[in-house]
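2 protein chains.
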Amino acid sequence: MNYRFYNARILTMQTTDILEGELWVQDDKILYVGAGGDVAAICQKLSIESILWDREIDCQGNLLLPGFKNAHTHSAMTFLRSYADDLPLQDWLTKQVFPMEAKLDGEMIYHLTKLAVLEYLTSGITAVFDMYLTPETTAQACVEMGMRCVQVSGVSGQEGFEASLAKMEERYHTLNQLDPLHSYFIGFHAEYTCSKALLEQVAVMAHKYQAPVFTHLSETKAEVEGCMERYGISPVKLLDSLGMFDYGGGGYHCVWLDAEDMEIFRKRNLTAVTNPGSNTKLASGFAPISEYLKRGINVAIGTDGPASNNCLDMFREMFLVTGLAKLKEQDAAAVDALEVLKMATVNGSLAMNLPDTDVLAAGKQADLIMIDLHQPNMQPLNNIPKNLVYSGSKQNVKMTMIRGKILYENGAFTKAYDVEEIYRKANEIIGSLR
Amino acid sequence: MNYRFYNARILTMQTTDILEGELWVQDDKILYVGAGGDVAAICQKLSIESILWDREIDCQGNLLLPGFKNAHTHSAMTFLRSYADDLPLQDWLTKQVFPMEAKLDGEMIYHLTKLAVLEYLTSGITAVFDMYLTPETTAQACVEMGMRCVQVSGVSGQEGFEASLAKMEERYHTLNQLDPLHSYFIGFHAEYTCSKALLEQVAVMAHKYQAPVFTHLSETKAEVEGCMERYGISPVKLLDSLGMFDYGGGGYHCVWLDAEDMEIFRKRNLTAVTNPGSNTKLASGFAPISEYLKRGINVAIGTDGPASNNCLDMFREMFLVTGLAKLKEQDAAAVDALEVLKMATVNGSLAMNLPDTDVLAAGKQADLIMIDLHQPNMQPLNNIPKNLVYSGSKQNVKMTMIRGKILYENGAFTKAYDVEEIYRKANEIIGSLR
Chain Y
465 MNYRFYNARI LTMQTTDILE GELWVQDDKI LYVGAGGDVA AICQKLSIES ILWDREIDCQ
525 GNLLLPGFKN AHTHSAMTFL RSYADDLPLQ DWLTKQVFPM EAKLDGEMIY HLTKLAVLEY
585 LTSGITAVFD MYLTPETTAQ ACVEMGMRCV QVSGVSGQEG FEASLAKMEE RYHTLNQLDP
645 LHSYFIGFHA EYTCSKALLE QVAVMAHKYQ APVFTHLSET KAEVEGCMER YGISPVKLLD
705 SLGMFDYGGG GYHCVWLDAE DMEIFRKRNL TAVTNPGSNT KLASGFAPIS EYLKRGINVA
765 IGTDGPASNN CLDMFREMFL VTGLAKLKEQ DAAAVDALEV LKMATVNGSL AMNLPDTDVL
825 AAGKQADLIM IDLHQPNMQP LNNIPKNLVY SGSKQNVKMT MIRGKILYEN GAFTKAYDVE
885 EIYRKANEII GSLR
Chain X
465 MNYRFYNARI LTMQTTDILE GELWVQDDKI LYVGAGGDVA AICQKLSIES ILWDREIDCQ
525 GNLLLPGFKN AHTHSAMTFL RSYADDLPLQ DWLTKQVFPM EAKLDGEMIY HLTKLAVLEY
585 LTSGITAVFD MYLTPETTAQ ACVEMGMRCV QVSGVSGQEG FEASLAKMEE RYHTLNQLDP
645 LHSYFIGFHA EYTCSKALLE QVAVMAHKYQ APVFTHLSET KAEVEGCMER YGISPVKLLD
705 SLGMFDYGGG GYHCVWLDAE DMEIFRKRNL TAVTNPGSNT KLASGFAPIS EYLKRGINVA
765 IGTDGPASNN CLDMFREMFL VTGLAKLKEQ DAAAVDALEV LKMATVNGSL AMNLPDTDVL
825 AAGKQADLIM IDLHQPNMQP LNNIPKNLVY SGSKQNVKMT MIRGKILYEN GAFTKAYDVE
885 EIYRKANEII GSLR
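Protein sequences appear in the order of chains Y and X. Each number in the working numbering corresponds to the 1-based position in the first sequence with 464 added. Each number in the working numbering corresponds to the 1-based position in the second sequence with 464 added.
Bound conformation, chain Y alone:
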C-alpha cells in the first residue's frame, strides 16, 4: 500500500525541530519526508515517474513522529491487571503472581498477548521488547497482529521460564528467522533466579554468537543486597566479570546502580531500560536517570508488564521519567523533555537493534504515529515536543502504523482484529485460573 500524508507537522527525531510538509510510505518503507506541495516535483526529485496512492491522508496540521519503542514488557501479563494491587511487593509476587503464572499455557499466552497488542497500538507503541514464558506463542500473536516484537530469553533456574540453554539456542535460530517483524535476543531472567553456573553458560553463549545480553538488573535494593551477600559484589559487576556484556546489551529497571556499575554501563555501551510506572507502583525506587545521561549511557523506556504498572502507556512513562528525576534531584530542570522523547524512540531502537525504526527518513521502516494536535491538551502550540511529554495522553494517538500498515486509526482498530473476542478470551482465561 502507498500512503501520502500531507499537511503534516513532522517530528523526525533526527532533530527535535518540527518540519511542515509531507511523508510518503511505499509498502513497508518511508519513501519521502520533506517539504510538501507539488507531488510531481517530489517524484522527479525521487527519480520516479509517478506513484499510485492507495490513500492520501490530509493530516490537518497534526503531528507525525516515529512510533514509541516499549523497551521492556511482559505482554501476556494482561491477565493479572488489577488482579492484586496495593499489596507489599513480596506478597504480590509470591502469593499472587507466581502461582497464577504457573497455571498459564502457550495458548493462553497467545490470547493474552493479543490484548496487550491492542493497548500498545492505542498508545502509539510500534515495537516491544518482551520477555515471557512461551516465546513461540508470543511471537505468533504479535506477527499475526502486525506488531513488531523483539523477544529476549528469560532463562532461569525457576520452573516455568525456559529452563534449558539448548532451548534458548534453538530459539535464537528459529525465532530470529520467523518474520521480518520478529527477532530474538539472548538473555536471562535475573541474577537472583539463576545459579552462577547458569549465568556462566549464558555468557559463553553470548561469546559464541557475539551477541548482546539483556536481563532484569538491580530493580530493587533487596536484589542488590542479596547479590552482595552471595558474591560480595553488585549484580552489574558480577555479570560483567563473567564476560556477560562483552558484546553489549543492558538491563531492565536499573534502579540501584552505583557509580562503578554505571562506569561498566558506559564502557560496554549498555542500555539502561527504565520502567518508572512499575518502579512507582511497586515502590522499587528512583532510577538515577540524570547520572546515566551525564555519563552518556543509552537510556530507553519500558512499561514493564501490565500486572505491575498496570497499563501499557508510553505517555505515562515519559512523564514519570522526567518527573521522578525532578523529584529525586529536587530540581525542576532535571532531565529535559526532549531527552525523554529520544529515549522513547531513538534510544529504544538502538537497544532493540531496530536501526530502521529510529527516525522518520527515506528508506526507514514505516513505523510511525499521528498525534492529534486538535485536542485541548495539545493547545496552544507553544512547544509541541514538550506538550507530548508533559501533557500527552493516549487520547492524542490518532493513528498507529507498523511496517506500512495502519493498525489503529481514529479510535478504531483494523477490521482484521476481533476486538471483543480478544476481551472475551482474556476474561475467560483469568476466570478459569482463579
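Everything labelled a hint here was simulated from the structure, so no lab data went into it. Possibly wrong hints are sitting among the right ones.
Beta-carbon label-pair distances, calculated as ranges [said to hold, decoys possible]: (1) G696(X) <-> E724(Y): 44 to 52 angstroms; (2) T558(X) <-> V607(Y): 48 to 56 angstroms; (3) E571(X) <-> D643(Y): 53 to 61 angstroms; (4) D569(Y) <-> I482(X): 28 to 36 angstroms; (5) G895(X) <-> A723(Y): 40 to 48 angstroms; (6) T878(Y) <-> I482(X): 48 to 56 angstroms; (7) D492(X) <-> A876(Y): 30 to 38 angstroms.
Derived BS3-like pairs: lysine-lysine, alpha-carbon spacing no greater than 30 angstroms straight-line [what the hints assert, rightly or not]: (8) K685(Y) <-> K701(Y); (9) K792(X) <-> K701(Y); (10) K758(Y) <-> K792(X); (11) K758(X) <-> K685(Y); (12) K792(Y) <-> K701(X); (13) K685(X) <-> K758(Y); (14) K660(Y) <-> K701(Y).
Idealized CB from N, CA, C, for every residue including glycine.
Guided by the hints, dock chain X onto chain Y, whose structure is given.
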C-alpha cells in the same frame, strides 16, 4: 432533558461495589439509580405515571460514576502550557510566569479558561476549584460552557491578584448569586504573598461570614522555612493562630506539613488538596498522604494550573497520588486505589461545598461520566475501580455530563462550542504576549 442510561455498570461511590442496572436523569438531577429492566415498574416505584425520554442510551456495560472534582486549578494558565519547562522553580516563576501574567486582561482570561474547560471535559472533570486574576471572566467562561466552578479569592499583597478586601467581599455576594453552576469562597493567595495585617483581615471576614478559607499552603520547603523566619512558626500554625480556619477550609498542595500542622487539620476538619502532578514537575516534594489518611483528614485532588503540570488530567493525578505515596513510604501497599477514587469524587465535593455532586443517588445533581470499558486498558474486568486508578486514561472517557447536560461524548464536544475558535484564540493570545 430526560435521559435513561441502561445496560450500565454503576459505581455510585456510596460504596465501591459495582451495581448493574440503570440511571435516569430528569433535567438537572438524578431521578433513579438501581436495578434495570422494567421501566413501568420503576416508574411505579417512583410514584410517577410515565416519563418521556429525550434519549435512551444503551451503555453496553460501560461504567457510570460521579464526575471528578478538580479541587485546585488556575484554569486560564493554559496559555503558558509548555511555554517554559525544565527550568528551576524560581526562574520559572519570576522570569517566565509572573511577567507573562502581568500582561493578561479579563477578556484573555475568559478565552483561556474556555480552553481549560474543554480539557476538563475530556478527563471527566465536572467541577473545578479555581483561583485566578479576574474571577468575573472565569465565571463567565465556565457558566457559558456549562462547567461547574467554585472560585476562591486569591487576594494578596502582590499586584494583579485582587488587592482589595472590599472587592473580595463584594464578589462574595455577587459571585455566589451568579448561577447555580457557580460559587465563590473566601481565600487568599498564600502566606508568603500577604502581610500579617492582610491575613488578619481575611480571618475577620471568615468570622463575619462564618465561612471556610482556602489558600496555597506549605507547597515548598522554602515557603515553610520563610514563614518560620518571619513568624517563628509554620504557615498552618500561623494561620490557625489568626482564627483563619475557625469555620473550616483547607490548603492547596500541603506537601510540607508537620505532625502539629496535621493535628490542626484534623481538629478543624480542613481539607488537604493534593497536587501531585505539579509537585512532581516542579520538584516540590511528596505530600504525606498516608499520614493524612491515618488521621482521618479529608484529602481531595487537584491538577493545579496547566503551566505547572502541564495537563488537566485526573487520571494522571490519581495514579500519582497513590504512586508517590508508595515511593515515599517504600511500601507498595500505601494508599489504596479505592481511597484515591474517593478523593477524586466525594472528598472533592466536600471540600468545594458541593454536597449534591458527591455520589450517584436519586435527588443528586446529574454530574456524571461514562467510562468506556470496551478498551484494552480496562480489560480484563478483574477490578474495575482499580483499573480506573492504575490503568485509566482520558481515552476511556466516553461521556461527560454536568447538571444533566451532555457536554462531551464519544470524543466530540457539544455543538454549542466553537472548538477551533477557542484554540485559535489561545494561540493568538500567547502570540500577542510574547
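How the hints compare with the structure:
no.: 1; hint: G696(X) <-> E724(Y): 44 to 52 angstroms; in the structure: holds (46 angstroms)
no.: 2; hint: T558(X) <-> V607(Y): 48 to 56 angstroms; in the structure: holds (55 angstroms)
no.: 3; hint: E571(X) <-> D643(Y): 53 to 61 angstroms; in the structure: holds (58 angstroms)
no.: 4; hint: D569(Y) <-> I482(X): 28 to 36 angstroms; in the structure: holds (30 angstroms)
no.: 5; hint: G895(X) <-> A723(Y): 40 to 48 angstroms; in the structure: holds (47 angstroms)
no.: 6; hint: T878(Y) <-> I482(X): 48 to 56 angstroms; in the structure: violated (31 angstroms)
no.: 7; hint: D492(X) <-> A876(Y): 30 to 38 angstroms; in the structure: holds (34 angstroms)
no.: 8; hint: K685(Y) <-> K701(Y); in the structure: holds (15 angstroms)
no.: 9; hint: K792(X) <-> K701(Y); in the structure: holds (29 angstroms)
no.: 10; hint: K758(Y) <-> K792(X); in the structure: holds (26 angstroms)
no.: 11; hint: K758(X) <-> K685(Y); in the structure: holds (27 angstroms)
no.: 12; hint: K792(Y) <-> K701(X); in the structure: holds (29 angstroms)
no.: 13; hint: K685(X) <-> K758(Y); in the structure: holds (27 angstroms)
no.: 14; hint: K660(Y) <-> K701(Y); in the structure: holds (13 angstroms)
In summary, the one numbered hint that this structure violates is 6.
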